[in-house]
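Protein chains: 2
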Amino acid sequence: MHILITGAAGMLGRKVAARLVRDGLAGREVSGLTLVDVIVPEPPSGFPGRVDCLAVDLSADGIAQRLIDGRPDVIFHLAAIVSGEAEAEFEKGYSINLDSTRDLFEAIRRAHLADGYRPRLVFASSIAVMGAPLPYPIPDTFHTTPLTSYGTQKAICELLLADYSRHGFFDGIGIRLPTICIRPGTPNKAASGFFSNILREPLVGKPAILPVPDSIRHWHTSPRSAVGFMIHAATMDLGAVGPQRNLSMPGLSATVGEQIEALRRVAGESAVALIRREPDATITRMCESWAPGFEATRARALGFTAEDSFDQIIRAHIEDELDGQR
Amino acid sequence: MHILITGAAGMLGRKVAARLVRDGLAGREVSGLTLVDVIVPEPPSGFPGRVDCLAVDLSADGIAQRLIDGRPDVIFHLAAIVSGEAEAEFEKGYSINLDSTRDLFEAIRRAHLADGYRPRLVFASSIAVMGAPLPYPIPDTFHTTPLTSYGTQKAICELLLADYSRHGFFDGIGIRLPTICIRPGTPNKAASGFFSNILREPLVGKPAILPVPDSIRHWHTSPRSAVGFMIHAATMDLGAVGPQRNLSMPGLSATVGEQIEALRRVAGESAVALIRREPDATITRMCESWAPGFEATRARALGFTAEDSFDQIIRAHIEDELDGQR
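Chains as they are written, first to last, in numbering that gives the first Met the number 0: chain B, 0 to 325; chain C, 0 to 325.
Chain B on its own, in the form it takes in the complex (with noise of 0.2 angstroms):
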């Protein structure tokens, strides 16, 4: 079995191989691995089979022509830019985010009317699909209407994914990933880092700022949970899922008090002292905008699983960052 994963220097990306390497894939064995990014991605250790990391331009002409060329049985499409990148480069984020995508499910199309290929494709689309106002929880059928140019490209892709499917040019499944909480790794500038900056960092004893009022509620999911997600997006039956293929993953509605508890629960009081609460009205009306919670009534049914408390977030944490330790 043949996988492709795209994005695989990312976070996401490199869990995802290495859960592949460590799992293989439905009982299957993965005996070859192409691995792309716009840097040279690591090869995940251990893995005995033949891969290639590729540092790729994914809006270069021919390069998506290229990677189907290799007819991988799974691809994991994880490439984009982020959020606030898209926004501020309005050609790049389209460049990439969209016709990146596009050139990618051409060649599969192309693909399959040359020799009836029809690989399962797992697209990594996001939350911000939704845009204020928002219910809470927001049920599975409410409207996509993105206040980003990110959003507004995870929500073409997802419409080009349900048609390409539709039409039987690829097995699509689109899976829109909650918050990932808590991120390895250091604090980033990104507005919605101090979800995870406020356990993190005080679970390795160092300070963290919270810019927001501790009743803002929002959407989480940990990294194992999100690998789970495209592994069973990448080997469950799609017939059961019918031609709306973009699916709201199950998470954890949370507020940041609630987040800050757990903290609590599991690290102690000590912990929850390094947390530094400097307000930013900014950022505060940023995530006042940003969804609150999902129903995931379709993906729940369809066997996707999400933490039920942010303990268990935490110790996930520690269990896969930390060595078990802190």
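Calculated directly from the structure, the hints in this document are not laboratory data. In this text, a Cβ means the ideal position worked out from N, Cα and C, and glycines have one as well. Among the hints, a few may not be true.
[Unchecked claim] Listed next, with one range per pair, are the computed distances between beta-carbon atoms: (1) G323(C) <-> E287(B): 38 to 46 angstroms; (2) A131(B) <-> P134(C): 16 to 24 angstroms; (3) S30(C) <-> T296(B): 51 to 59 angstroms; (4) E287(B) <-> P138(C): 20 to 28 angstroms.
[Unchecked claim] No more than 25 angstroms apart at the CA atoms, straight line, and that leaves these computed lysine to any residue pairs for SDA-like: (5) K91(C) <-> H166(B); (6) K91(C) <-> K188(B); (7) K14(C) <-> G61(B); (8) K91(B) <-> D170(C); (9) K188(B) <-> R108(C); (10) K91(C) <-> L112(B); (11) K91(C) <-> D139(B); (12) K91(B) <-> R108(C).
Keeping the supplied structure of chain B fixed, place chain C upon it in accordance with the hints.
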């Protein structure tokens, strides 16, 4: 005031041009009209200003740029290939219905960046952006999960329109048109054609075939109201609309049986007797997946209006297409 209409040779384009010539736009005189389509549009009669009638392929390189070089104040973008053709000819559908629209939007964006140009752009979308299963009535916040490539292309253009408007490149508004009834002209092969045929033909003493049961419910508006939507969209204050720029228009939800009862009231038993029932399972199945009706709360609040009864729709047809005679 200079106005550009794409798809100007179509039924709606011709009627919009005629209305502009008759009434101007928001009290301003129309001094120039650019009418484009794949065939040369006819100039509206009685127009003293400058009119350019062009037969162009909107998807050809440089065409959008050329149209925008004239800096039209208002653009009615109505051009599209129809649902059946877009479904059968995948590449052509995406080229005309998506890429041509994006070319037009991009030409406007470049002009905006060059000199601050920012026209009003009215886009003809469709209830085909919705896909079964559909509730009745469909709320304004219902998701767009089209089941045709045509609907997919319209839904994508809606997303682009909202994003380009949000960035300030133009002042766009997308109008989700109900099925137009009574469509003037001769019976065509569109699966939805019977909704008009069973009224238009008996009104002039001709027979018509009804392929579905009387219980089929659908969403209609007259050509007159559709023109009214376009004119209102071109002149209304968009400040009240906010970032959600695509609106499901008001219309009339009616069963086929209710259509026939209205025909009986307006034109008598002899007209109704000209309807011949020839049930067609395929057409019936298609109809059952179409939109039965919308709440259209936002559009009504923003001043869009449509008929309250099929009697009104039939009378509008008699006035507008049959010189008030029958």
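So, going through the hints one by one against the coordinates:
Checked against the hint of 38 to 46 angstroms, the pair G323(C) and E287(B) fails, with Cβ atoms roughly 56 angstroms apart. At about 23 angstroms, the CB distance of A131(B) to P134(C) agrees with the hint of 16 to 24 angstroms. S30(C) and T296(B) have their C-beta atoms about 55 angstroms apart, which keeps the hinted 51 to 59 angstroms range intact. At about 23 angstroms, the beta-carbon gap between E287(B) and P138(C) stays in the expected band of 20 to 28 angstroms.
A threshold of 25 angstroms between alpha carbons decides the hint, and for K91(C) with H166(B) the separation of about 15 angstroms falls inside it, so the pair holds. A C-alpha spacing of about 43 angstroms is found between K91(C) and K188(B), which places the hinted pair above 25 angstroms, so the restraint is violated. Pair hint K14(C) plus G61(B) does not hold up; C-alpha atoms about 45 angstroms apart against a cutoff of 25 angstroms. At most 25 angstroms may separate the alpha-carbon atoms for a hinted pair to count; K91(B) and D170(C) meet this at roughly 22 angstroms.
Proximity of K188(B) to R108(C) is assessed by CA-CA distance (about 29 angstroms); at most 25 angstroms being required, the pair is judged violated. Note on K91(C) and L112(B): the hinted pairing holds, with a Cα-Cα distance of about 16 angstroms set against a maximum of 25 angstroms. Simply put, K91(C) and D139(B) have alpha-carbon atoms about 32 angstroms apart, too far for the 25 angstroms limit, and the pair is violated. Distance restraint check for K91(B) and R108(C): the Cα-Cα separation of roughly 15 angstroms lies within the 25 angstroms cut-off, and the hinted pair is therefore satisfied.
This entry does not satisfy hints 1, 6, 7, 9 and 11, going by the numbered hints stated previously.
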